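Which chain is which? The protein sequence lines are A and B, in order. The C-terminal position of the first sequence is numbered 107 in this note's numbering, with every residue numbered one higher than the one before it. The C-terminal position of the second sequence is numbered 1383 in this note's numbering, with every residue numbered one higher than the one before it.
Calculated directly from the structure, the hints in this document are not laboratory data. Hints are supplied without guarantee of correctness; some may be wrong.
Derived pair list, reagent style DSS-like, types lysine-lysine, alpha-carbon separation capped at 30 Å [as the list claims (entries may be wrong)]:
| # | chain 1 | residue 1 | chain 2 | residue 2 |
| --- | --- | --- | --- | --- |
| 1 | B | Lys1074 | A | Lys76 |
| 2 | A | Lys55 | A | Lys12 |
| 3 | A | Lys55 | B | Lys1041 |
FRET-style restraints, in silico, Cβ to Cβ [claimed, not checked]:
| # | chain 1 | residue 1 | chain 2 | residue 2 | range |
| --- | --- | --- | --- | --- | --- |
| 4 | B | Asp1037 | A | Arg79 | 24 to 32 Å |
| 5 | A | Thr101 | B | Asp1037 | 32 to 40 Å |
| 6 | B | Val1163 | A | Pro74 | 28 to 36 Å |
| 7 | A | Phe17 | B | Lys1064 | 22 to 30 Å |
| 8 | B | Gln1015 | A | Asp32 | 22 to 30 Å |
| 9 | A | Thr101 | B | Ala1042 | 36 to 44 Å |
| 10 | B | Ser1068 | A | Thr96 | 45 to 53 Å |
| 11 | B | Asp1037 | A | Gly13 | 52 to 60 Å |
| 12 | B | Arg1003 | A | Gly38 | 34 to 42 Å |
| 13 | A | Leu98 | B | Thr1065 | 52 to 60 Å |
| 14 | B | Arg1003 | A | Asp32 | 35 to 43 Å |
| 15 | B | Ala1042 | A | Pro41 | 30 to 38 Å |
Part of the chain B face toward chain A, derived, beta carbon under 7 Å [claimed, not checked]:
| # | residue |
| --- | --- |
| 16 | Asp1037 |
| 17 | Asp1040 |
| 18 | Ala1042 |
| 19 | Ile1044 |
| 20 | Leu1048 |
| 21 | Val1082 |
Every value quoted in this text rests on a predicted model; they were computed, and no experiment measured them. Here a beta-carbon is modelled for each residue, glycine too, at the ideal position from N, C-alpha and C.
These are the residues of each chain, in order.
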Amino acid sequence: MGAEENFAGIRKGLLEFAILRIVAGQLVYAADILQRLGPTPFATQEGTLYPLLSKMRREELVDYQWVESGAGPPRKYYRLTDKGQTRLNDLSAYWTNLNHTLDELGR
Amino acid sequence: MERVVTINLNGNPYQLDESAYDALRAYLDAAAKALGDNPDKAEIIHDLEQAIADKCASYLSPAKTVVSQGEMSKILQEMGPVEGEATANAGTADGGAKSSESGGPAPKKRIYRIAEDAKIAGVCAGIGAYFNIDPNIIRLLFIILTVVTHGFFALVYVVMMFVIPSAITSEEWAAAHGIPFNAQEVIDEAKRHYRDFTADGPPWSGNWKWRRREWKRAMRDRARAFRFYWRYAPPTAAAPPTGPVSALVRHFGGLFAFVFAIVGAALLIGFIVSIISLVSTGAVLNWAPPVGVPLWVAILVLCIAFGVINGLVHTLRGISVSMMTGYPSWRYHDGGFGGLVVLVIVGWIFYTYVPEAHNWMLLTWMQLRMWFETTFNVHAING
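Given only the sequences and the hints, what does the whole structure look like? Please build it.
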């Protein structure tokens, strides 16, 4: 519980990173993303995800296309754009760097 | 028994019971507010509606066609609060809720005319709401000032009528009272008030009682704000107003609403002129109060007469407005006839139990009849 509450800010900051990772792997729609995040510490809800996805789309990190679904209305499937791929690479490198630094500091 | 509301979520009809609908409405409004001027607001709301629709579908089957309130609140719980740019910066979801609970800036307060509580144009009601005073006190002040200044304040009123905007949307209504208007703000406010009045002071002190009353009153105001909201900001996806209103009826309603508004204003001016003339010359038109009737009684009679006639005009105006808009005129029903009934009961009690009042009323009646007969040169039945 302590970690859950105390590090909410960190998780929040990294949520975009996590979403980029998921979207990079495959074509997904919003419910898929929620499902993938569900069991992780990044578990989130529509109320948070949708505004964030729209922001990422505005920043041209992700893009979506409408795909007809067997049941119900067509769904928005998200994929990574080139810019998103660059951002993901940058973030990954930065994250590794951060981890490395933190490990070094402890010595 | 609950009413069922059919809503349209992205082109698919869903049936909700009324409280479920209210919850959904509050959620979507809070979402719209949180998103603020986000350029993708419409799209995000659209997506949210779609997600809610999907979740609703999972609760429904051929045997079960209506989403209940319990199910809806579960769905909305799953959706989570919508985070806009503003709330996202404030911290995490739970952190954000905490910070807003501990009192953000007080809602902005502005003067509006409040047609809902209006006797004439809602100026006094608006001022009363702004200063948190009973509007009747403001009205009395206005009348006294009008008399003292020989009618100057009636002019002030007319000017204010045009200068002060009317509270039309729920935001404006809330701003007029300086109270929050969306669900989250209402809840936060309620919590804060509750804490305030439980935090300090022993429960047996008179102060506490007063505080509790204040709190209850404040809650009632909020409930009214909400009713007002549902009534005047009908959601696009919701059921249309009760019963279709034909264009003809609407035009007639509009015409009559206008006419009655004018009549009401004319009445007020006539009333003020009468008071002034009564005070300065001791007579209204050609009628002077009978000898022995003190001035204040004459003024009281004038006030009561004005109250009765104005109440009737107000009610008619309310009916016209409801004809025009198609919304039931619940807010006018206690205005005119209710006041009349109270007046009649009070009058009857006085008439029965206070001999002086009894005599005085008889005398007034005689005077009135005499005046009527002489003025119009007719003879009343059984003269």
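Comparing the hints with the structure gives:
For the given pair, Lys1074 of chain B sits about 24 Å from Lys76 of chain A by alpha-carbon distance, which is consistent with the 30 Å threshold. For the hint linking Lys55 of chain A to Lys12 of chain A, the alpha-carbon distance of about 14 Å falls within 30 Å, and the restraint holds. Restraint check for Lys55 of chain A and Lys1041 of chain B: satisfied, since their Cα atoms lie roughly 10 Å apart, inside the 30 Å limit. For Asp1037 of chain B and Arg79 of chain A, the Cβ-Cβ distance of about 28 Å falls inside the hinted range of 24 to 32 Å, so the restraint holds.
Between Thr101 of chain A and Asp1037 of chain B the Cβ separation comes to about 38 Å, which falls inside the hinted range of 32 to 40 Å. Range check, Val1163 of chain B to Pro74 of chain A: Cβ separation about 52 Å, and the 28 to 36 Å hint is violated. At about 41 Å, the beta-carbon gap between Phe17 of chain A and Lys1064 of chain B misses the expected band of 22 to 30 Å. At roughly 29 Å, the beta-carbon separation of Gln1015 of chain B and Asp32 of chain A lies within the given 22 to 30 Å, and the hint holds.
Distance hint check: the CB atoms of Thr101 of chain A and Ala1042 of chain B are about 43 Å apart, consistent with the given range 36 to 44 Å. One distance hint, 45 to 53 Å for the beta-carbon pair Ser1068 of chain B and Thr96 of chain A, holds here, with the actual separation near 50 Å. The hint said 52 to 60 Å for the Cβ distance between Asp1037 of chain B and Gly13 of chain A, and at roughly 24 Å that hint is violated. Checking the proposed 34 to 42 Å range against Arg1003 of chain B and Gly38 of chain A shows it holds: the Cβ atoms sit about 36 Å from each other.
Between Leu98 of chain A and Thr1065 of chain B the beta carbons are some 53 Å apart, a value that agrees with the proposed interval 52 to 60 Å. Our hint of 35 to 43 Å for Arg1003 of chain B and Asp32 of chain A holds, since their Cβ atoms are close to 37 Å apart. At about 32 Å, the beta-carbon gap between Ala1042 of chain B and Pro41 of chain A stays in the expected band of 30 to 38 Å. With 7 Å as the threshold, the beta carbon of Asp1037 of chain B stays out of range of chain A, its nearest partner Cβ sitting at about 13 Å, so the hint is violated.
Because the smallest distance between the Cβ of Asp1040 of chain B and any Cβ of chain A comes to about 4 Å, under 7 Å, the interface hint for this residue holds. Annotation: Ala1042 of chain B was flagged as interfacial toward chain A, and the flag is violated, the nearest CB pair being 10 Å apart, outside 7 Å. A distance limit of 7 Å between C-beta atoms decides the matter here; for Ile1044 of chain B the minimum to chain A is near 5 Å, and the interface restraint holds. Restraint check, Leu1048 of chain B versus chain A: the minimum CB separation of about 6 Å is within 7 Å; hint holds.
Because the closest C-beta pair between Val1082 of chain B and chain A is about 4 Å apart, less than 7 Å, the hint holds.
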